[in-house]
Amino acid sequence: MGDLPTSVALRESLYVWPLLESAHVLTLMLFAGTAAMLDLRLLGVTFRGVPASEFTDRLLPWTRAAFALMTLTGVLLLYANPVRYYFNLFFRVKVLLLIAAGVNIWWFHARTHRSIAQWNDAPRPPRAARMAAIVSLAAWTGVIVTGRMVAYNWFDCDLQPQSALVNWAAGCVVPPAEPPQ
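All the letters of the sequence shown, read from the start, carry residue numbers 1 to 181 under my numbering.
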């Protein structure tokens with residue numbers, strides 16, 4: 001996939017690549033900002049006087065739109081350089097954190113959010129909502145940090161020798177060392 005003409009053109013583009021990266025970061029900021037506000041409300045830290053349903057009804061459209069654009073730009077960035085990202089340890093951790101964040105979102109909306117009428121006006125939501133907020137804040141913080149670390153090649157497969165654990169986690173295929181002669 002990395003050798004496809006469109007992938008190469010995107011990766012080597014003088015203007016599209018930086019615009020794509022910028023759009024990814026800007027939509028990430030919008031997403032993370034609105035998600036953090038929602039999580040802080042679920043923790044009962046901010047906006048205690050605003051009903052939780054009203055708060056989520058107003059912010060979720062922005063959060064979802066930012067997530068959609070962030071995902072689109074992220075997929076295009078991955079498409080432009082799939083081999084580099086696939087073998088990047090930080091990218092692999094980021095994907096695991098994205099999965100954890102997605103499961104947390106699904107769990108919250110499938111379970112906890114359904115009973116929002118019971119705790120809508122409570123300044124401090126129930127424990128399940130607070131736990132979902134903590135997991136969300138931790139997972140998305142991890143996604144942002146590891147996403148930033150992807151740019152650094154500390155654990156790239158072409159930097160050998162590395163520990164066997166790092167090579168395994170990054171998916172590196174390292175030929176066996178030749179015996180000394």
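Each hint should be verified, as a subset may be incorrect.
[What the hints assert, rightly or not] Derived CB-CB ranges, DEER-like: (1) ALA177 - ARG114: 28 to 38 Å; (2) MET1 - ARG111: 32 to 42 Å; (3) LEU14 - GLY44: 46 to 56 Å; (4) ALA177 - ALA110: 44 to 54 Å; (5) GLY171 - PHE47: 38 to 48 Å.
In case anyone wonders, no lab produced these hints; they're calculated from the structure. Yeah, the Cβ is synthetic: ideal placement off N, Cα and C, and Gly gets one too.
Verification of the hints:
1. A C-beta distance of roughly 57 Å is found between ALA177 and ARG114, which places it outside the suggested range of 28 to 38 Å.
2. MET1 and ARG111 have their C-beta atoms about 37 Å apart, which keeps the hinted 32 to 42 Å range intact.
3. Evaluation of the 46 to 56 Å hint for LEU14 and GLY44 yields a pass: the beta carbon distance comes to about 49 Å.
4. Checked against the given bound of 44 to 54 Å, the beta carbons of ALA177 and ALA110, roughly 50 Å apart, stay inside it.
5. Taken as a hint, the range 38 to 48 Å holds for the pair GLY171 and PHE47, whose Cβ atoms sit roughly 43 Å apart.
In terms of the numbered hints stated before, the structure departs from hint 1 and from no other.
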